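4 protein chains.
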Amino acid sequence: MAGNSFGSIFRITTFGESHGEAVGVVIDGCPSGLAIDMEQVQQDMDRRRPGQSHITTQRKETDRVEVLSGIFEGKTVGTPITLLVRNEDAKSKDYSHIKDKFRPSHADFTYQGKYGLRDYRGGGRSSARETVARVAAGGIAKQFLATLGVKVQGYVSTVGTIDLTVPYQDLDLSVAETNIVRCPHPESAEQMIAAIEAVRKAGDTLGGVVSCVITGTPVGLGEPVFDKLHADLAKAMMSINATKGFEYGSGFEGVRMKGSEHNDKFENQSGQIRTTTNHSGGIQGGISNGMDIYFRVAFKPVATIMQDQDSVNEQGDATTVQGKGRHDPCVVPRAVPIVEAMAALVLADHVLRDRTT
Amino acid sequence: MAGNSFGSIFRITTFGESHGEAVGVVIDGCPSGLAIDMEQVQQDMDRRRPGQSHITTQRKETDRVEVLSGIFEGKTVGTPITLLVRNEDAKSKDYSHIKDKFRPSHADFTYQGKYGLRDYRGGGRSSARETVARVAAGGIAKQFLATLGVKVQGYVSTVGTIDLTVPYQDLDLSVAETNIVRCPHPESAEQMIAAIEAVRKAGDTLGGVVSCVITGTPVGLGEPVFDKLHADLAKAMMSINATKGFEYGSGFEGVRMKGSEHNDKFENQSGQIRTTTNHSGGIQGGISNGMDIYFRVAFKPVATIMQDQDSVNEQGDATTVQGKGRHDPCVVPRAVPIVEAMAALVLADHVLRDRTT
Amino acid sequence: MAGNSFGSIFRITTFGESHGEAVGVVIDGCPSGLAIDMEQVQQDMDRRRPGQSHITTQRKETDRVEVLSGIFEGKTVGTPITLLVRNEDAKSKDYSHIKDKFRPSHADFTYQGKYGLRDYRGGGRSSARETVARVAAGGIAKQFLATLGVKVQGYVSTVGTIDLTVPYQDLDLSVAETNIVRCPHPESAEQMIAAIEAVRKAGDTLGGVVSCVITGTPVGLGEPVFDKLHADLAKAMMSINATKGFEYGSGFEGVRMKGSEHNDKFENQSGQIRTTTNHSGGIQGGISNGMDIYFRVAFKPVATIMQDQDSVNEQGDATTVQGKGRHDPCVVPRAVPIVEAMAALVLADHVLRDRTT
Amino acid sequence: MAGNSFGSIFRITTFGESHGEAVGVVIDGCPSGLAIDMEQVQQDMDRRRPGQSHITTQRKETDRVEVLSGIFEGKTVGTPITLLVRNEDAKSKDYSHIKDKFRPSHADFTYQGKYGLRDYRGGGRSSARETVARVAAGGIAKQFLATLGVKVQGYVSTVGTIDLTVPYQDLDLSVAETNIVRCPHPESAEQMIAAIEAVRKAGDTLGGVVSCVITGTPVGLGEPVFDKLHADLAKAMMSINATKGFEYGSGFEGVRMKGSEHNDKFENQSGQIRTTTNHSGGIQGGISNGMDIYFRVAFKPVATIMQDQDSVNEQGDATTVQGKGRHDPCVVPRAVPIVEAMAALVLADHVLRDRTT
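Residue numbers (my numbering), protein chains in the order written: chain A, 1 to 357; chain B, 358 to 714; chain C, 715 to 1071; chain D, 1072 to 1428.
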């Protein structure tokens, strides 16, 4: 129950520390006979990769995915698919200064408290480098979903105090990939980039929000009680490093509406039952209703700042944590493929679960 | 994988339809030798019970809990604890008018789509009556946590557009149980009650937010990757009927802060390492750090309104869903013990998980 | 992880102590829309019931199954099916003489060691009364399997030293239900009955073997590595009270053959690939090959004998455990429906698992 | 639910095909702070390794274990431990002659039926090469158990028709490792080796039995209903390639005893409650009682023989499977460390499970 697995039928187990030999993932339960294009998987890896633009960390990692098992002659064979990424640009020496110190709002203190020891290099297992494995696995899940017409697309909707308030229906989401902050609204994107540049110069960091839209979902995904589709999406998203909140459909704002305004009326659209509005976010009673699924995920400002901070060490003595290293001033541009990957994993799992109903 | 179980070691399985014979729960994995006070469990049941005040549904259900197994001479014996509540005031005839109609923003359409048939009486399994079982199980979890000094307390912080903005630290949370809306701020409580009364007269409904604070948590609960403590809390909360969002610690607002503002600095307080602020919400890297855990859960306005609504029937023909029956105009006052129960179940499970680390 | 659940998709959770209020089972994951005949379920209950003949215990329990949830208008609706049997003829006073003593080869000592306390009445949770719940759940699984043409049939093949050595292919298995010992070979049945009568008079007990044959299984059930079909059958059988061994196909005797004798050659029988022999017992590489599945389960002699036995009490002092009460002199006649139920549960689960491959 | 994981808290996931890049294992849930000696792990790998003697297959594989994660400065850190073994001497061309043929009593036919395609090279995932991963993981489990004084020791007790009938209590089990067949009785060992040599010359194969003894187990391991300690051992053993049966304690022979003979009487041995006999095999009611645990596992004769055999191909046409390649004439000598590994994994898991009771 150490929690390194996710999913029930389409199930992944990730492993690896930030500065260990490698990070990787075992995917169990992917249906057999699925054609896999590893170049597509690599593209998502590149969207997550450090050093991809001047507003991300400047660490250099190529993050090439190696297939260890489960794919034969370009197809899945029903056995576990293992994907491995070797760690390359790990400068463990960079971390000797915090070997016995607890960085504020990091996991150093809680790991030490839980395990009695820790691999302090680069945050060890608590590093967001673990998400390399998620994106790789998500790439396989996306290809499975694509065969069913399901598509997952994320984008940045908030950076710091700059919000994109245009609803997703009025945006061309493909624009998101045309700028380095991954915001589908060019004007907002420019402001977001400027905000990140400003904060980076100040040695500080920003938070943000990633929005995500899933189209093409059939009716019936999700289990009605504890494993509601949105409950599993919530868990998936909140398991990503640095997340602080999740909302779907009308979300927290929906609270302020009346029932008569919020209810989504059914109508027959050319033989298909659809709703006229979609405050439900594509999910009713925990089960997909065939409309678009959409949700938002809040990320806190990055905890590693380029400023000295007061803290304590393992002995409980006051100390200073120096601000140094190569880090992201804002994680949301690189978080987009991670959010997509986790969403794809949830959907793929529920597609398979629904086959047993 | 039909999703009627929750938790991994302290694990519950709930059963029962709204208008079936009974609803109940099997709790597996509760440690042996725990003294159980069933009257305390019943008190939480009464906080959830319909008809407890004039702002809730007027259905009459006593919801008395019967113990079928697992407790011998007042103590748990390590075997499954089964708690049963018979359904009493189920007026199935009240639902014959919607037998083949899909109520807007209910689960009728998605259940029919997923299963090909459904128990339409009172919403069947999709009814919030299922939460009877959660509150009963949560009552056991609370008593387990109490032996460790952990306490879970929820309250209503928003009804419709009325927000309680005072932080929980500045409130006496015990005040919540002194009014029928369960808000610890008397002035806000009055406004909330008035708002619910107004909307009920109009045959409409409101949404709201339940906040929850957990005190006394030791350092080390939560697993660092997928089963982060806040990820499991998010799933637990989002599995409750009618929820739309979850946030913990600084939440969505934390996005707008800079890292230098958001970071919680460590200090030595009389030999104990604590943080000076608590934007982390008591959880760092997915693991409890010993500070208070706090979070907020958004509930949509109740879907059942006392107004006629356009919809379609199973054949896809346009129809009208009549507004009738006995329903809550706003669920959050009764949702407080449900939120607490789910939080207690998550914590109890992670206490046991941590024992294997 | 307290182990009161079995199965992964078609999953049961049993509860209840021998002398508590009731024993029961929650079945999660049974497909929706399955027509259920509860009288058929009751028939299996009656085959397991105490007091059914003069060679079983004379306790009187009607073991009527009550449906609490999951079945509506005669069909499963996809929600948990809960079946309850109230305890009736529980004479708890009969057990006061062993309240603080450890009966030889019972679970008294190990329960006390594990949990620090125990419900000593009738063995509490360690009683074979728990299998009431398994037989009830197995009755539902059998009806699911019947829709696919899969049939499970058990019979007694050994009682004490009396062995039925005729292979199952040369027997009419339906004969088993025509005698009280459930042996399909009338001559052997008579000898077995006589042996049980003799041992009962002597206040002693016998062991035995239950054989089981599963016909109509499609190719492809079972998962190839840890959850091999025979591995799950082995676990299922060894989880039944008083079992000591499991073998399938050629079993322990197969060890003595050479590979050239043991290999099952494939041939094309009217367009269907079959094997000419079936030492594999219908399972190759953990996956069903479409041939009959057959296996054998060893049961030890009943531990409760009508003779005084030396033992120790909770304080570790020497004591005598008196031989009294109403117990079976040999469990295998009543174990037949239990073996069938567990086999049906394994098969039903693997049918659903295979749908996700 | 594809079944490539085993265990619930101390949980392994294995991956890799016989002729793929590598086989490996992720161990999740191993307690932190455990000192690991990888040379000890390698020793068990060498006991399983092909080519270790003239009575095993002559394939040459060094099977060196690489640590990818989870161990830092010689200790476990509570994160997943990943162990990898690259495939070396894989001669895939050796298998082109069976690319579209079904080898008798292999998994070719059932894999093809289940998945619609298969990696035919060396049996792919159905190859016993998968057990490389189990032995590596078992090596970690053994080191965890050693800290608690628990020791697992296997040996060969039957090869073909040659049985070692001396009870384990009368043997010096350490002798097993002094001969190539791993039988602790030198005279029997010689006969077994001769029998294997004879059958190999004839191009045929033999089956056998591996016995296993676990000492030092505390009272209380095992969960009382479905996850009885012997049920989990049964599943573990029956999940090993080529197994046909499992028995523990008195096993199938125990059936023939009377209750008065079979019952293990308790007595107080210098303050410790022990049984005077141990037909229970150290397990009562599914829970360890502190006595030695012992069990036996039957292995069928190896299916790959050096003789031509009739079969069919994927099209259902009659064909001949040629006898060629490098294979074991009898697997039991190499199966000993596999049996031990699986037993160690079961015990380690139940040690952790018991901590939550």
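Worth flagging that the hints you see were computed from the coordinates, not collected in a lab. None of these values were measured; they are calculated from a predicted model. There could be a bad hint or two in this list.
Where chain A lies over chain D, by a calculated footprint (3+ residues, C-beta under 8 Å) [unchecked claim]: (1) 1214–1220; (2) 1370–1380.
Simulated pairs of lysine-lysine, DSSO-like, Cα-Cα distance not exceeding 30 Å [to be verified]: (3) D:Lys1131 / D:Lys1336; (4) C:Lys813 / C:Lys1038; (5) C:Lys972 / D:Lys1146; (6) B:Lys456 / A:Lys265; (7) A:Lys324 / A:Lys99; (8) A:Lys75 / D:Lys1272.
Just so it is clear, CB atoms sit at the ideal spot from N, CA and C, and this is done for glycine as well.
Pairwise hint evaluation, Lys1336 of chain D against Lys1131 of chain D, where the allowed Cα distance is 30 Å at most | Roughly 51 Å separates the two Cα atoms, so the pair is violated.
Does Lys265 of chain A lie within 30 Å of Lys456 of chain B when you go C-alpha to C-alpha?
-> holds, 17 Å
8 Å C-beta test of the stretch 1370–1380 of chain D against chain A, three or more residues | violated (count 0)
Is the hinted pair Lys813 of chain C and Lys1038 of chain C satisfied, with a Cα-Cα distance of at most 30 Å?
-> Distance ~14 Å between Lys813 of chain C and Lys1038 of chain C Cα, so the pair holds.
Compare the distance between the alpha carbons of Lys75 of chain A and Lys1272 of chain D with 30 Å, and conclude whether the hinted pair is satisfied.
-> violated, 40 Å
Taking a Cβ-Cβ distance under 8 Å as contact, does the stretch 1214–1220 of chain D have three or more residues in contact with chain A?
-> As far as the stretch 1214–1220 of chain D goes, the hint is violated, because 0 residues have Cβ atoms under 8 Å from chain A.
Do the alpha carbons of Lys972 of chain C and Lys1146 of chain D lie within 30 Å of each other, as the hint requires?
-> violated, 46 Å
Given the proposed pairing of Lys324 of chain A with Lys99 of chain A, does the C-alpha separation stay at or below 30 Å?
-> holds, 14 Å
Taken one by one, the earlier hints fail for this structure at numbers 1, 2, 3, 5, 8, listed in ascending order.
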